[in-house]
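Novice: In order, the protein sequences belong to chains A and B.
Numbered as in this note's numbering, the first sequence ends at 384 without a single skipped number.
Numbered as in this note's numbering, the second sequence ends at 579 without a single skipped number.
It is worth saying that the hints were derived from the structure and are not from the lab.
It should be emphasised that the depicted structure is a prediction, and the values quoted were computed from it without experimental measurement.
Only part of the chain A face toward chain B is listed, based on derived beta-carbon distances under 8 Å:
(1) LEU11
(2) ASP14
(3) LEU15
(4) THR16
(5) ALA19
(6) ARG21
(7) GLU22
(8) SER23
(9) LEU26
Here are the in silico distance ranges between beta carbons for each label pair:
(10) ALA58/A x ARG411/B: 39 to 49 Å
(11) ILE369/A x THR390/B: 48 to 58 Å
(12) ALA54/A x GLY468/B: 18 to 28 Å
(13) ARG411/B x ALA54/A: 34 to 44 Å
(14) VAL376/A x GLN388/B: 48 to 58 Å
(15) HIS48/A x GLU490/B: 23 to 33 Å
(16) THR518/B x VAL376/A: 15 to 25 Å
(17) LEU60/A x GLU534/B: 58 to 68 Å
(18) GLY350/A x ARG399/B: 40 to 50 Å
(19) GLN538/B x VAL376/A: 34 to 44 Å
(20) ASP387/B x LEU375/A: 42 to 52 Å
Don't be surprised by glycine CBs; every beta carbon is placed ideally from N, CA and C.
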Amino acid sequence: MNTDIRFLEQLEGDLTEAAARESAVLAGAGAGSGDGDRSRRLPRRERHWGAIAAGLVAFLVLAASIGFLTQRPGQERATSFSEVGDAAGGSGAEVPAAQGSPAPMPATDRGTTTWQASSGNGTRQEAPLAGGVNYDTATGGGAAGQPALNAPGLPATQQQGDLSKIVRDGRIAIVVPDGDFDASLNNVSRIATSLGGFVLTSSTRDQSTGIFTLRIPAKKFDVAMERLRGIGEVRADAVTGQDVTAEFIDQTARLQILLDRRDLLQNLQNEATTSSEILRLAGLIEQTQLEIEKTQGQLRYLKNQVAEATIKVDLRERHAPDDTPEPDTDNPSLADAIRLGWEGFLRVIGAVIVGLGYLVPIALIALAIWGIVTLVRRRRRGAS
Amino acid sequence: MPDQRTDTELLLASRDEPEAFTELYRRHAEDLLRYFARRTLDPETAAELTAETFAEAFASRQTYTDKGVNGVAWIYGIARHRLGRFFRHGRVDASARRRIGMPERELPPEDYERIEDLIDFAPIREALSEALETLSPDQRDAMKLRVIDELAYQEVADRLGCSEANARQRVSRGLRKVALMLQERGMQLTTEVEA
Numbered sequence: 001m002n003t004d005i006r007f008l009e010q011l012e013g014d015l016t017e018a019a020a021r022e023s024a025v026l027a028g029a030g031a032g033s034g035d036g037d038r039s040r041r042l043p044r045r046e047r048h049w050g051a052i053a054a055g056l057v058a059f060l061v062l063a064a065s066i067g068f069l070t071q072r073p074g075q076e077r078a079t080s081f082s083e084v085g086d087a088a089g090g091s092g093a094e095v096p097a098a099q100g101s102p103a104p105m106p107a108t109d110r111g112t113t114t115w116q117a118s119s120g121n122g123t124r125q126e127a128p129l130a131g132g133v134n135y136d137t138a139t140g141g142g143a144a145g146q147p148a149l150n151a152p153g154l155p156a157t158q159q160q161g162d163l164s165k166i167v168r169d170g171r172i173a174i175v176v177p178d179g180d181f182d183a184s185l186n187n188v189s190r191i192a193t194s195l196g197g198f199v200l201t202s203s204t205r206d207q208s209t210g211i212f213t214l215r216i217p218a219k220k221f222d223v224a225m226e227r228l229r230g231i232g233e234v235r236a237d238a239v240t241g242q243d244v245t246a247e248f249i250d251q252t253a254r255l256q257i258l259l260d261r262r263d264l265l266q267n268l269q270n271e272a273t274t275s276s277e278i279l280r281l282a283g284l285i286e287q288t289q290l291e292i293e294k295t296q297g298q299l300r301y302l303k304n305q306v307a308e309a310t311i312k313v314d315l316r317e318r319h320a321p322d323d324t325p326e327p328d329t330d331n332p333s334l335a336d337a338i339r340l341g342w343e344g345f346l347r348v349i350g351a352v353i354v355g356l357g358y359l360v361p362i363a364l365i366a367l368a369i370w371g372i373v374t375l376v377r378r379r380r381r382g383a384s
Numbered sequence: 385m386p387d388q389r390t391d392t393e394l395l396l397a398s399r400d401e402p403e404a405f406t407e408l409y410r411r412h413a414e415d416l417l418r419y420f421a422r423r424t425l426d427p428e429t430a431a432e433l434t435a436e437t438f439a440e441a442f443a444s445r446q447t448y449t450d451k452g453v454n455g456v457a458w459i460y461g462i463a464r465h466r467l468g469r470f471f472r473h474g475r476v477d478a479s480a481r482r483r484i485g486m487p488e489r490e491l492p493p494e495d496y497e498r499i500e501d502l503i504d505f506a507p508i509r510e511a512l513s514e515a516l517e518t519l520s521p522d523q524r525d526a527m528k529l530r531v532i533d534e535l536a537y538q539e540v541a542d543r544l545g546c547s548e549a550n551a552r553q554r555v556s557r558g559l560r561k562v563a564l565m566l567q568e569r570g571m572q573l574t575t576e577v578e579a
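Same shape as in the complex, but just chain A (with noise of 0.2 Å):
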């Protein structure tokens, strides 16, 4: 090497010996002596990931098992709500209604007390639902923005609490000693109808188990529960209120603008002069026509969502084969193996992310402490 610095001339030599050497493994490696010196060889950059990929999987399984642990208090809540989704033929349990919200909860007796635990939040027991208030938008009787209400008499604090809609949503499971199926369905049917309601699907089977829906008129919604109630014993019961109050403002205001802006149309329209402007705006008051119906209907949905409520109820004698036995899981058929293992699989993301949820913030802790001392040492050793 042609240079005068001596430094670079030793590591010369020192880069040719480590040459040599890997000149050595490499024909012991192509003369079959393995690779076993392989992994001393791997290129840097391939142990940083696989660093990195390790610490990521360690964090993920911490993030797991605190995820699993956090999770377990609740797994007998889980269970109930499980239980109430398939008892009432439901896709799963949904969420009661929000703290502070109208609906009422009345506490059961009987049943799932989680449910009610969770849930319940001591409010009144009767609906708000129809309460004397009549919105009626069609009419255009309020101020763009405030729904028209006519609840006359009423003292005003009253009022604004009659002004929330709720969408209420209850389900039942009820057992019936073997061989009372057919009176119980009876009786549910008889509920119904008593009530000013009426059973909207119906589905027996073995003339042991069947899965009803009832539609029943807000007012009576808690009298219909209190009477399923007593049809048999209940092995689960869930009420719940969605509050579509904002939604029906909305739409109740939005319906009046469309309106406004229907009549000011036909107005131009009339006082139109040429045939361009007369099509152009006819045009324009057709579109708004579409749109006041579209909102009338949605009105219309929400007020029957309002003003009849659904009940669930999940009839079957005590020993009553199950619909759905639950899956051997010593031997699963290759259909329940894949759904048992979606099932483990959604279960352990849920749990990592429950996991995550309270390693995060730690984690960001940590950086910003670690961030924060790295940087004193940096500035103290720039000082020194």
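Position chain B against the provided structure of chain A, taking the given hints into account.
Specialist: Relative to the frame of chain A, chain B by itself:
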């Protein structure tokens, strides 16, 4: 007879023929040392960074693929990375050298001045004068005598009443500190070296 292969060919060949890497080293070692010396201002640090860069390039040569990046540009990429780490941490680690079993060598005394010759101090003298004020008195005096007055190490040692080795150490540490400080201030110390 000199090897006629290009840098890229040498780097690719070194996967199965490690000795080819040595030729690459011979071609570029001094340039890389100059590259580091002009940026760190410190012969010791520049030498260490040179050793570490070649060691890392040697250890990682399997990852190099010819995607249009010249072999030597790839090495300078490693060099920039190492230099960045030095400016962040204020030290040069020997991880790559340890990985391939290379010893960590001290810079021979006679190399200090030779490496300093590679550094062009003229453009940075003014900035250096300001930076010097932040050093300890010992380091500042040594630096002034060596860099500003351009005295030989023996003369610096005589003026300061210390050994030559001690004078070298003071200048080296002072230079390192100044380089780090100027880097933090975002000052460009050197002209670019073609990579």
